[in-house]
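Asks: The residues making up each chain are set out below.
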Amino acid sequence: MRERLFSSRTVDEPSRIERAFYHVALIVACIALVTPFLYVISASLKESTSLFEYPPKLVPFPPYFGHYERLVSDSPFPRWMANTLFVATIVTVAKVFLDSLAGYAFAKLNFVGRNAFFLLMVAMLLVPYGAIILPLYAVVHAIGIHDTYFALILPPLCNPLGVFLMRQVISMLPKDLDNAARLDGVSEFGIYRRIILPLIKPSLVVVAVITFTEMFMSFIWPLVAVRDQDLQVLTVGVASMRNMTSVNFGLWSAAAVLGMVPLALAFFLFQRQFQARSIAGALKQ
Amino acid sequence: MNPINAPTPVETVAEAPDTPFAIELVGLHKRYGALNVLDSVDLDIEPGEFVVLLGPSGCGKSTILKIIAGLEDATGGEVYIKGRLANYIRPKDRDVSMVFQNYALYPHMTVAKNIGFPLKMRGAKGSAVATRVAEIAALLELTEQLEKYPEQLSGGQRQRVALGRAIIRDPVAFLMDEPLSNLDALLRVQMRSELLTLHRRVGKTTVYVTHDQVEAMTMADRIVVLRSGVVQQVGKTREVYSRPANTFVATFVGSPPMNLFSGRIDRQGSKMALAGVVRVDLDGAPPLPDGTQVTLGIRPEDIRIRPSTSPDVDVVATIRLIEDVGAEDFVTVDASGVRCIVRTTDQGMLVEGAEVGLALDRDAFHLFDEDGIRIEADTAVVAVPSDSPAA
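Chains A and B are the protein sequences, given in the same order. In terms of this note's numbering, the first sequence opens at residue 1 and continues consecutively. In terms of this note's numbering, the second sequence opens at residue 1 and continues consecutively.
Certain hints may be false.
[Stated by the list, open to error] Facing chain A, from chain B, some residues (calculated, C-beta under 10 Å):
| no. | residue |
| --- | --- |
| 1 | Ala69 |
| 2 | Gly70 |
| 3 | Arg90 |
| 4 | Asp93 |
| 5 | Arg94 |
| 6 | Val96 |
| 7 | Ser97 |
| 8 | Met98 |
| 9 | Gln101 |
| 10 | Asn102 |
| 11 | Tyr103 |
| 12 | Ala162 |
| 13 | Ala166 |
| 14 | Asp177 |
[What the hints assert, rightly or not] List of simulated lysine-lysine pairs, DSS-like, C-alpha gap at most 25 Å:
| no. | chain 1 | residue 1 | chain 2 | residue 2 |
| --- | --- | --- | --- | --- |
| 15 | B | Lys148 | B | Lys120 |
| 16 | B | Lys113 | B | Lys125 |
| 17 | B | Lys66 | A | Lys108 |
| 18 | B | Lys120 | B | Lys66 |
| 19 | B | Lys113 | A | Lys175 |
| 20 | A | Lys201 | B | Lys148 |
| 21 | A | Lys201 | B | Lys113 |
| 22 | A | Lys201 | A | Lys57 |
| 23 | A | Lys201 | B | Lys120 |
| 24 | A | Lys175 | A | Lys201 |
| 25 | B | Lys148 | A | Lys175 |
| 26 | B | Lys92 | B | Lys113 |
| 27 | A | Lys108 | B | Lys113 |
| 28 | B | Lys66 | B | Lys92 |
| 29 | A | Lys108 | B | Lys92 |
| 30 | B | Lys120 | A | Lys108 |
| 31 | B | Lys66 | A | Lys175 |
| 32 | A | Lys175 | B | Lys120 |
| 33 | B | Lys92 | A | Lys175 |
Calculated from the structure, these hints are not laboratory results. All C-beta atoms, glycine included, are put in the ideal place defined by N, C-alpha and C.
Chain A extracted, bound-state conformation (with noise of 0.2 Å):
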């Protein structure tokens, strides 16, 4: 019989030296993204005085709390945080329902001008932010909800991408879904509710994640929209905190330490859901 004439390894395996390769590229980018966040960390547990020796101490001993007290007692800290995680919550909350619902009716519905507004709201991902903050604030002035949570809440919500997103992956679920439930006795917010979102759970939640995430570090609009001290973001106010205690180092840092602990938070209780059911079992493979 003839021999083999390769190796048991194939083509596209790669070999020890490639492997190494890529793991310390991985090693490095994972340096590079970890390095700033563990600097912050560091800085927000030195005192003021500290923070500029040399050579730089990496792990502060013995740590010190002080920024965290002063920032959680002393300043309008939990007051920007509250704002951020209620417009944040509401905005997320209000985002996933609206933009499911529209995107079912995109995907799954027929009426007079679909593929119109949709090719509107696409067009719409295409014009950048900057060009559009002043006429939505003059719009919002307009309506006399500047300096509200309304002003905070409203605009974002006509955000497109969740829809498109939501539209695509709506339009890929097979149509005879549907119709049997439709032959079964369902409404049609019984279809979007019953079938279509337990099957979009991942989508729900990434979209729940881009929203949360894009609320929790908006700048720009909360800056223009709102001036009243009592409804300021965290975002807008931790920027402020310059002006108010001249430059703290170690305040800021512990301000964006604690600003992080929500997020990774969401991360965190989310992460599981990004493994939900799949559709597979449906339909004839």
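Could you slot chain B onto chain A? The hints should help.
Replies: Just chain B now, kept in the frame of chain A:
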């Protein structure tokens, strides 16, 4: 009329009057822009009947099913379910169940929830749903699978779950859209007989769509053959097979398909023959005028292979291909440029390339006119010879 006193619009077909038919289609049309998908489809389906809509892909058979179910609107024509005009009744109120080509099971629900879903949506109580689900599961041998999700089931089991979801409501009719088309060959045969057994036990009107003529012939009480949205023939399986209405039905129904030989009628006094590539006497055929363009059809099993020198041979042909399908052979022969297939049990006696004679069974001839329409004895036009006494 005062709207307050106006009659309540018909919402369901449940209180429909007595009618001899479960489903009636009257002049059904469907058009997508310039494309005519259905053209004047008329069909009456009796209660308990198993009707198969048979035709090639794109012939409009699934569209008929969707129009009956209310999932698509007809461009014209009427649909009656249990005698009640159903065109404007919502799908859920039409009292029909559908088994989809892609089973359309809800992937996030267990088998029990999938089967019970239609009842739940109609407001049935939890205990009543559970009881009925258990009955249906027992009927379909799914009791062990009730807590599983669709993705954990085999193709045949998923198919049964889809059937269970259709059966549980006890509807007027089941509509089945190629439910066996994606199963492997063995499972398809098994599920075919299971479906038939189920139909006989449940006794419900069933409209079944397929492009597989074997499936149609083995299952149907009546077959409706469709082509390009036009009904070609409606009849019992035997009738469609043995008296095809036109050359399309003749070649679509039956495997291998019917052999067709075209030619002109050659009359020699009272004797009539087909003169073309193949020349055969048409003694038993309805009389036709001399020179009429016709097509002679003959089923593969109605041709005998003989030695080419045998006196009863009608055509001499060359064997091009022998396909052994087990109990018989399909022999493709070339008769002066015309290919035809012969079904024979004379296995092992024939070799490719050999010259053989074909003897055609005179009682099994089918004649079609130049438009491909079947010529029946009572519709044939007899050309009266000019020298006959009647002239």
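Asks: Are any of the numbered hints broken by this structure? If so, which, sorted upward?
Replies: 22
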